[in-house]
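Guided by the hints, dock chain B onto chain A, whose structure is given.
2 protein chains.
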Amino acid sequence: MKEIYHCLHISAHLQEIYSALTDKEGLAGWWTKDVDVEGTPGSVSTFRFASGAFNQMKIVLLEPTRVCWECVDGHTEWIGTHVLFELSQDDEGVRVCFSHYGFREQTEYVGACSFHWAYYLTSLQKYCETGQGTPNEGA
Amino acid sequence: MKEIYHCLHISAHLQEIYSALTDKEGLAGWWTKDVDVEGTPGSVSTFRFASGAFNQMKIVLLEPTRVCWECVDGHTEWIGTHVLFELSQDDEGVRVCFSHYGFREQTEYVGACSFHWAYYLTSLQKYCETGQGTPNEGA
Chain A
1 MKEIYHCLHI SAHLQEIYSA LTDKEGLAGW WTKDVDVEGT PGSVSTFRFA SGAFNQMKIV
61 LLEPTRVCWE CVDGHTEWIG THVLFELSQD DEGVRVCFSH YGFREQTEYV GACSFHWAYY
121 LTSLQKYCET GQGTPNEGA
Chain B
140 MKEIYHCLHI SAHLQEIYSA LTDKEGLAGW WTKDVDVEGT PGSVSTFRFA SGAFNQMKIV
200 LLEPTRVCWE CVDGHTEWIG THVLFELSQD DEGVRVCFSH YGFREQTEYV GACSFHWAYY
260 LTSLQKYCET GQGTPNEGA
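Just so you know, the protein sequences line up as chains A and B, in that order.
Note that the working numbering has the first sequence beginning at 1, numbered continuously upward.
Note that the working numbering has the second sequence beginning at 140, numbered continuously upward.
For reference, chain A alone in the conformation it holds in the complex:
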């Protein structure tokens, strides 16, 4: 496996989830408080974490139900990988399918990323459903 893939249900409006994935206030509400984001296609967002880790994600796709980033700087194993959020409305809210793909090898680091992404997707879920996520404090 070179791909991380998580699906979850979020009881919120599609537009709220889209905002959480695309604007500065939203991203700071569930991933990391320390974020610089312009939010236009082709622009590069920077995310910094308390551990000292950081990554720069280029926005390669911005559609109402699909958001995709390409990692252009950060951890060696992340550079060149893509992060994709796919949203689909259902009766009770929105199904979010998340994938992080393009890793060169299946390493323990990728396994740790999979575990950590589930934590932050739970944070996204809480943020969209209650207004309160559990983002990283940032650098």
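Bear in mind the hints are in silico, worked out from the structure with no lab data behind them.
Subject to a maximum C-alpha distance of 30 Å in a straight line, what follows is the list of computed DSSO-like cross-link-like pairs (lysine-lysine):
#1 A/Lys126 to A/Lys24
#2 B/Lys172 to B/Lys197
#3 A/Lys126 to A/Lys33
#4 B/Lys265 to A/Lys126
#5 B/Lys163 to B/Lys265
#6 A/Lys58 to A/Lys24
#7 B/Lys197 to B/Lys163
#8 B/Lys265 to A/Lys33
#9 B/Lys172 to A/Lys126
For chain B alone, coordinates are given in the frame of chain A:
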């Protein structure tokens, strides 16, 4: 991707984690309270969940640092898949690498399982570190 792969660190003794993966009290402490387990190689454990879901896992490997189950009954997409826990001691505890492999297709259900496994692995981590996990209440 047809494989779920998560790695995490648990600050506990290897033997405690092994017990949590192999005996009835341990498994009831983090996965589901509703478990029947004999615990010998070749035996079949049954796990039941509040949703009505269940699965039967045959113990195919029991080594001090590797435990593997094969799903012999339960959700159609699980039957024939394997769940593997690999433990390795490090300076501050144990690294746990978890994989669930052998799915025939990458479906949203597999993505949901990946997300849910991360929840239960967090429960395993809490159970081993504090004695208190967040297991399912069972059927």
